[in-house]
Amino acid sequence: MNTEVQTTTPEAPKLGEAVRVLLAKPTHDCHDRGVRLVARKFRDAGFEVIFSNFLLPSEIINTAVEEDVQVIGVSTSAGGHMPVFEDLIAGLKENGLEDVILIGGGVIPADDEAVLKDWGVKAVFGPGTTAEDAIDLIRAEFGGPA
Amino acid sequence: MFDERTLAQSREMADKRDAAYDKIVERFGNSAPAAARDPRTHSGLPIKTAYFPHDVAGLDFGQIGAPGQYPFTRGNLAAQYQVMNWANQPVIGYGLPEDTRARMDLLSARGMTGYFGQKFYNLVYDLVSHEGLDPDHAGARGRVGQCGMAVYSKADMARLFDGMDLTKMNVVHITYYQVVPALAQYIAYAEERGVSPDQLRGNSMNWYHQSAYVGMSAFPPENGHRLAVELIAYCAKNMPRWNTTNLFGYGVEEAGGTAVQEIGLMLAYGIDLVRACVQAGLTADEALMRFGFQIAQANDFFEEICKIRALRRLWATTMHEKFGAEDPRAMHVRIHTHTSGACLTAQQPLVNLIRTTLHAFGAALSGVQAMEVSAYDEALSIPTEESATLALRVQQVIQEETNITRVSDPLAGSYFVESLTDQVAQAALELVDKVEAQGGYIAAQQNGWIRREIEDQAERWREEVNSGERRIVGMNCYQAEEAEKAPEIFRVDAEPERVSAERVRALRASRDAARYDKAIKNFLDAAHAFAAKDYHQLGDGELMEAAIEAARADATTGEMMGVMKEALGWRAPHEY
Chain A
0 MNTEVQTTTP
10 EAPKLGEAVR
20 VLLAKPTHDC
30 HDRGVRLVAR
40 KFRDAGFEVI
50 FSNFLLPSEI
60 INTAVEEDVQ
70 VIGVSTSAGG
80 HMPVFEDLIA
90 GLKENGLEDV
100 ILIGGGVIPA
110 DDEAVLKDWG
120 VKAVFGPGTT
130 AEDAIDLIRA
140 EFGGPA
Chain B
0 MFDERTLAQS
10 REMADKRDAA
20 YDKIVERFGN
30 SAPAAARDPR
40 THSGLPIKTA
50 YFPHDVAGLD
60 FGQIGAPGQY
70 PFTRGNLAAQ
80 YQVMNWANQP
90 VIGYGLPEDT
100 RARMDLLSAR
110 GMTGYFGQKF
120 YNLVYDLVSH
130 EGLDPDHAGA
140 RGRVGQCGMA
150 VYSKADMARL
160 FDGMDLTKMN
170 VVHITYYQVV
180 PALAQYIAYA
190 EERGVSPDQL
200 RGNSMNWYHQ
210 SAYVGMSAFP
220 PENGHRLAVE
230 LIAYCAKNMP
240 RWNTTNLFGY
250 GVEEAGGTAV
260 QEIGLMLAYG
270 IDLVRACVQA
280 GLTADEALMR
290 FGFQIAQAND
300 FFEEICKIRA
310 LRRLWATTMH
320 EKFGAEDPRA
330 MHVRIHTHTS
340 GACLTAQQPL
350 VNLIRTTLHA
360 FGAALSGVQA
370 MEVSAYDEAL
380 SIPTEESATL
390 ALRVQQVIQE
400 ETNITRVSDP
410 LAGSYFVESL
420 TDQVAQAALE
430 LVDKVEAQGG
440 YIAAQQNGWI
450 RREIEDQAER
460 WREEVNSGER
470 RIVGMNCYQA
480 EEAEKAPEIF
490 RVDAEPERVS
500 AERVRALRAS
510 RDAARYDKAI
520 KNFLDAAHAF
530 AAKDYHQLGD
540 GELMEAAIEA
550 ARADATTGEM
560 MGVMKEALGW
570 RAPHEY
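Chains A and B, in that order, give the protein sequences. Numbered by numbering that gives the first Met the number 0, the letters in the first sequence go through residues 0 to 145 in order. Numbered by numbering that gives the first Met the number 0, the letters in the second sequence go through residues 0 to 575 in order.
Just so you know, not all the hints are guaranteed correct.
Some, not all, of what chain B presents toward chain A, calculated at C-beta under 7 Å [stated by the list, open to error]: (1) ALA137; (2) ARG142; (3) ALA345; (4) GLN346; (5) GLY412.
What the hints contain is simulated information worked out from the structure, not anything from laboratory work. Just so you know, even glycine gets a beta-carbon here, dropped at the ideal spot from N, CA and C.
Based on the sequences and whatever the hints tell you, model everything.
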């Protein structure tokens with residue numbers, strides 16, 4: 000598991016206050032321009048962001064447990080996302096992490112998006128959405144400055 | 000370039016015009032667009048609103064030159080498209096090797112032609128191969144045959160190429176970092192067909208440098224650099240017709256970088272690479288002879304054209320002056336244009352056909368050697384048969400109907416184009432100086448500078464789009480009034496996953512186990528030995544020979560990459 004932990008600014012909220020977000024990208028998906036920008040914007044918004052690559056969904060679960068995150072964002076732009084979300088949702092349940100919010104982003108066809116939402120994925124941020132849209136959603140869930 | 004009288008006239012006319020221009024802008028007051036007062040290229044370079052002879056009077060005419068003459072600003076050869084069109088190089092690859100072969104044959108039947116009328120196949124491997132896995136690995140689930148072909152062994156090469164004359168075609172192997180296994184498997188397959196490496200034509204990517212700005216897992220920068228040198232040295236000795244290296248400027252712009260960053264970073268990397276090749280005992284001419292460039296053609300029409308002209312000039316002058324390159328072929332920038340995927344939108348996807356046509360038109364005016372035009376549905380899915388054909392038709396319409404192919408470098412001499420070409424070149428050289436001051440490209444990658452610089456530009460782009468300063472039709476202006484009908488999208492079914500996994504298991508069960516064990520052990524030893532070598536010890540061919548023997552023994556991509564990851568290291572690039 001490859002992780003990179005960083006907070007935006009020295010005056011980021013004290014531990015326990017900042018929303019902790021894990022952003023994950025498949026190791027072989029080179030389309031990381033979007034998710035890296037989202038990581039920057041989340042940090043600017045005061046979230047604590049863990050950015051990671053993953054090969055197996057179980058790695059995301061392990062990091063989510065270790066890092067005690069409240070939000071998991073998976074960015075995928077090269078297909079193969081459905082099995083990842085399927086395994087993730089099962090893994091969250093197994094670990095009693097049902098209250099962790101799962102969001103998706105990247106190139107996810109509309110049909111898949113509908114299925115993912117049925118499965119419990121909170122939102123899918125595809126083309127035409129902004130990092131601010133995702134920030135608003137997370138703040139709506141956990142409070143914080145609008 | 001101009002006599003004094005012409006220059007005086009030029010200045011006088013410009014003053015008059017500029018005064019009139021200012022008056023017009025004044026009249027618009029605050030409603031005048033910001034670009035009317037402060038016009039800039041998409042890279043942020045300041046430009047003027049009209050150009051005159053005196054704007055190019057300071058340029059050295061020798062730096063512009065003639066098509067086919069050093070420094071090749073105006074093109075590599077005296078003839079551009081008059082006797083031979085640029086090669087149509089759509090990227091092909093999905094599903095099983097048989098599926099990919101069917102798409103190859105289809106596009107070939109529809110007129111896809113390479114250099115000298117030869118068959119030309121630009122083949123992309125799937126996500127599983129890119130990761131260096133086999134299709135029966137847990138991490139392969141849902142990804143077999145996605146975004147590329149499920150080819151993992153010499154046996155799969157046979158499924159892809161049987162019945163074709165390998166000596167009469169070009170095969171571009173679009174891998175990520177599984178460069179060595181893919182080439183080794185192709186060589187081992189060709190051997191079985193009675194074709195020796197020196198008869199093979201095609202390309203390896205050899206583009207480990209992209210881990211500076213692309214996010215997928217990779218070898219450590221130093222080891223990627225050494226692998227690049229090793230392959231160049233191997234091919235210089237054994238595969239004279241093989242194009243060794245693809246400088247991946249495209250990825251810079253796709254990651255959010257500017258045109259200036261794209262060519263500046265490619266030049267900076269080229270300097271580091273040739274420096275290392277020279278250390279390994281190659282001459283600059285030997286090292287440089289078979290380099291290619293994959294360059295983006297994005298939205299700023301003129302800047303993208305000038306970028307290409309500037310790159311040709313900078314590359315030739317740098318390689319000649321710094322490393323003593325003499326052979327024109329070693330100084331040529333052979334460009335495979337890939338029209339920008341990042342410029343395409345999911346909204347109103349058919350509009351992308353207009354964008355890609357403009358991109359391709361600009362590339363044609365710049366005199367590139369080959370082109371892949373993105374399909375209009377790329378922001379949605381893998382291209383359908385229909386969209387892939389239309390993308391090919393874009394090239395064919397420009398080639399056959401516009402008559403622009405009659406004249407080499409038709410924009411040369413435009414005050415604006417020559418001035419901007421020089422401006423882009425100067426800005427790129429400044430970037431190269433910054434990289435060199437850090438100890439070269441690999442050093443600037445290791446300290447994170449390259450990634451940060453590009454991310455800054457990606458953020459700027461997003462801010463401009465969000466604020467509406469940068470307008471994208473259908474996205475932040477002229478949006479569709481009604482909900483859009485979802486276009487038909489292409490899906491790869493699950494069958495390739497099952498079949499591929501079965502095939503790889505069958506291969507492991509049926510191959511000569513003793514030969515495999517010996518070969519893979521030998522490859523591991525060679526990889527460890529390679530990791531311990533200094534640059535001056537590279538180029539002995541031991542790593543490639545060991546890889547080819549492993550491929551002969553039916554080693555799979557996952558097995559061979561497993562060896563290389565173990566010996567050389569493998570992590571997310573932001574961790575190095």
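A quick look at each hint next to the structure:
1. Interface restraint check for ALA137 of chain B: the shortest CB-CB distance to chain A comes to about 6 Å, inside 7 Å, so the restraint holds.
2. Interface restraint check for ARG142 of chain B: the shortest CB-CB distance to chain A comes to about 4 Å, inside 7 Å, so the restraint holds.
3. Annotation: interface hint on ALA345 of chain B holds; nearest CB of chain A at approximately 4 Å, less than 7 Å.
4. At its closest, the beta carbon of GLN346 of chain B sits 6 Å from a beta carbon of chain A; the interface hint therefore holds under the 7 Å criterion.
5. This hint is violated: GLY412 of chain B has a C-beta 37 Å from the nearest C-beta of chain A, more than the 7 Å allowed.
Figure legend: structure checked against the earlier numbered hints; the only hint not met is number 5.
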